[in-house]
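Participant: Listed below, chain by chain, are the residues.
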Amino acid sequence: MIALKEVRKEYLQPNGERLRVLENITFEIAEGMFSSLLGPSGCGKSTILNLIAKLDRHTSGDILVNGNKIGFVFQQPRLLNWRTVTDNVALPLERDNSDKRGRRELAVKYLDLVGLSGFENYYPLQLSGGMQQRVAIARALVIDPDILLMDEPFSGLDEFTARKLRQELIRIWRETGKTIVFVTHSISEAVFLSEQILIVSQKPATIFKRVTVDVPYPREYGDLRLFEIETSLTRDFLEMNSER
Amino acid sequence: MNTIHRILSIVSLVLAWLILSFVFSPTIVPGPFAVLQAMWENVRSGQAFYHLYKTLFRVGFGLVLTMALGIAFGTAMGLSRRAEVFLESWVMVGLTLPAIVYSIICLLWFGLNDFAAIVAIGASAFPAVGISIWQGIKGMDTQLVSMGNAFKLSKGAIIRKIIFPQLLPHILAAMRYALGICWKICTTVELIGMSSGVGFMLNYWFGLFSMSQVFAWTLLFLLVMFAIEYLLFKPVEKRLTKWRNDVPIPLSA
Ligand SMILES: Nc1ncnc2c1ncn2[C@@H]1O[C@H](COP(=O)(O)OP(=O)(O)O)[C@@H](O)[C@H]1O
Ligand SMILES: [Mg+2]
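For the protein sequence lines, the chains are W and G, in the order given.
For the first sequence, our numbering assigns the number -3 to the initial residue and increments by one for each residue that follows.
For the second sequence, our numbering assigns the number 12 to the initial residue and increments by one for each residue that follows.
These aren't lab readings, by the way, just hints derived from the structure by calculation.
From the three backbone atoms N, C-alpha and C, an ideal C-beta is built for every residue, glycine too.
Please note that the accuracy of each hint is not assured.
Under the rule of at most 30 Å between Cα atoms (straight-line distance), these lysine-lysine pairs were calculated in the DSSO-like manner [said to hold, decoys possible]: (1) K65/W x K163/G; (2) K166/G x K249/G; (3) K96/W x K50/W; (4) K163/G x K96/W.
A few chain G residues that don't get close to chain W, going by computed Cβ distances all over 12 Å [as the list claims (entries may be wrong)]: (5) S23; (6) Q48; (7) F121; (8) S143; (9) F232.
Chain G on its own, in the form it takes in the complex (with noise of 0.2 Å):
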């Protein structure tokens, strides 16, 4: 039932870029024979494993940044009235400039290297999943807290295991959302200043006018995408919250 709608969802989608393709001229929608060509090329010629590996290399330090920098500042703001008052106008400020201003900050600080794209990754993610965390915390339930407090659980164990168990659906649903932002960050800042990636293959092909090889690797991009989706998030998510009665919500017909 799960499996036959989401094959047609996805042949849905196959079939639109096909239609597209006939409307259109090669030059501005390439039909996916001639984009499945240049990403086997590529794949033969081994570039398609470098600039991929270079930008994985970044987003996955990127999102570790994000995440660090992201569940610090939410925790603190969820903690404490202190630090919510003080780090809101930090988070408003990191969430209102934009990504770009942060790649080209970062790059004249740092230079044309990997450290500057993951610290501009990072700063541009994080506020966002400060935000989500810090509501997280917000939106729980005190009186499961109370209730460990009856129960003379110590600190540690509350935190453990009333705390953070209530907050872990919130961090897997940031790091998801995060995942998606470190991309477009990543492939921006490497169109603008590095000299490998798939921002920065994307951006030669652009120069070259080649529309195949710009839809090779946009597709090449969101393959891993789906990859990471359905063999790390979906089977996580589903261990991690298989306590949850799975049932749709029941509004009548």
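Excised from the complex, chain W in its bound form (with noise of 0.2 Å):
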């Protein structure tokens, strides 16, 4: 589980004034649970998966985070363009006294869920954006995470491929029930990927609304109730935007 509780994030600007960004974030995301952070660009999502990660450090409020694991894919891959494929998706095992043939066992079976069979040997500059965006997912999943953080690692990619990694995700995540948190600006990828969806305000950030999505998986790219989500969503948002 992770809750959040009156979470409060302020940094300090070069200038000496302190910037508020997060307000008074409270959610709380059950186990095994797909949900979304929706907002628009530069509101804070990507700063509430760090304090999640634990990668920075929150001003004020609570954070509580059950499961030790934590896999984490960000906007770009970030590979490391000298490893090969393999030895890029073994990176995080590498801390543990674990063999390296089965650290790259492990590895080869990630990247074959992720469907890279085949290309295990080579580098990352030799792949297409989505084919090192999956190699990124099976890094995130190679340490068998409880918690997968997601910060918008679709964006960056055409929306064919788009599709297609968006539902090899579901896929995954039907099969391994991670809890997994996916920050997104865009409504109708959040509607078609989560059971529950966190709108976040822009400056300073709060949650805005909680909206669940009661469409059973797997779901289909022009379903109708998914439609009339993403649109009464689009209503939430144009709301949200008048109230400032």
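Grab the two chains, each in its own frame, and use the hints to assemble them into the complex.
Facilitator: This is the structure:
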């Protein structure tokens, strides 16, 4: 479970002033759930994710994270270009004292899961953007995390590739049952993927609304129920912006 | 394809030399045959090996000192803002003073010996290396470091597996460049204060106005440089950068 209670985050700016990015963030995410943080660019979604991953410290409030292993997928693949695909995926395993063979085997298994078998010995620069992002997903999964944090992982990709990867992500999630927190600024992406959507408001950020998407998986693109939820979310967004 | 171009490039150089030697008298531009003959004499008498060894010894240790100082300064400046401010003026002074100044000072301080030569080389060449490493660290992808943090890699692992590999091409490029500078400074030091080495021999034959010998020693010097480039640097670089897509920049015709 992930629970944030009245979390506030301020950044110290170069001119000495404090910039309040998160005002009063409170939400709960149950184990095994697929949740999205949805909001406009610059509203503080990445900041929330970084706080959950303990990459940054919050100013006040409480953050509770149950589950000790966290896998992180960034907006850009962030691969080590000088390592092969397999060695990239094996990177997070290297802190354990496991043997090299075992690490490689595990990496190859997860490359297969993301549909990259046959590319084990390629270097990242020899792959397309979509394939690189799959490698990044395999790297996050290889540690068998309890929680998977994804920060706009598909926003740099073309829509066809992104659609395919979304469907694969849902498949992997349903196979592994991990808790996923997915950050996006795309309403349709959030609706297609999530069981619950947390709408993050613009500066300083609060959780404007929590929406559950009660449509069973596997979902289809063009499903009318999804479309309706999208429309009502768009209305919420307009309302949220006019309040400010 | 590449080999043909390389051979063509060398052949064109020799040809240009040959033509120049016909245009000018042998006391100004001696021809390739006279020069090769002089070189052969030096090799047979063992002179070539002795002086080359002395120069290589000084350049080798000078290069080690250069890289050590350069990497230390560059890393400090790249990682710490305070070190950057503090060391910047040092590096600027080091970069501005002509190598001959260091050579003279070192020879006066330490005497006419190898140690003085090595210190002079290190002092003159390290600022360029330092700046290159410094820029390398500044231009590093910090997002990769935060990726390492997200996956809970230790500080040591991040330095070894994420930071160092990004710096390696810079270190290699700096080393190549530094080798060229070290050679030049070494000959200068040998010319003004040593009684051995390629620089000393150049000066010696200069005194005797033997152009073919001056050319012979220059050529020897060049050959050794080529050997180091093609037998050492190129293969190492190729190994280290095999992950790069080896395609030329696609400027359309
Ligand atoms: N390290 C930082 N120092 C100062 N301000 C920051 C820092 N990181 C983010 N911010 C600011 O916090 C706000 C939210 O950033 P972010 O969480 O990246 O937004 P999002 O991911 O929703 O696009 C932005 O206005 C950004 O300028
Ligand atoms: Mg962001």
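Participant: With a cut-off of 30 Å on the C-alpha distance, tell me whether K96/W and K50/W pass.
Facilitator: Since the Cα atoms of K96/W and K50/W sit roughly 28 Å apart, the hinted pair holds (cutoff 30 Å).
Participant: Against chain W, does Q48/G hold up as non-interface, every C-beta pair farther apart than 12 Å?
Facilitator: holds (49 Å)
Participant: Evaluate the condition: distance from the CB of F121/G to the nearest CB of chain W exceeds 12 Å.
Facilitator: holds (42 Å)
Participant: For F232/G, is the shortest CB-to-CB distance to chain W above 12 Å, so the non-interface label stands?
Facilitator: holds (35 Å)
Participant: Between the alpha carbons of K65/W and K163/G, is the straight-line distance 30 Å or under?
Facilitator: holds (10 Å)
Participant: S23/G clear of chain W by more than 12 Å, beta carbon to beta carbon?
Facilitator: Its Cβ never comes within 12 Å of chain W, the nearest being 35 Å, so this holds.
Participant: Is it the case that S143/G keeps its Cβ farther than 12 Å from each residue Cβ in chain W?
Facilitator: Fine: 19 Å to the nearest Cβ keeps S143/G off the interface.
Participant: Is K166/G close enough to K249/G, meaning Cα to Cα at most 30 Å?
Facilitator: Status holds; Cα separation ~29 Å.
Participant: Could you grab the alpha-carbon distance between K163/G and K96/W and see if it respects the 30 Å cut-off?
Facilitator: holds (19 Å)
The structure shown violates none of the earlier numbered hints.
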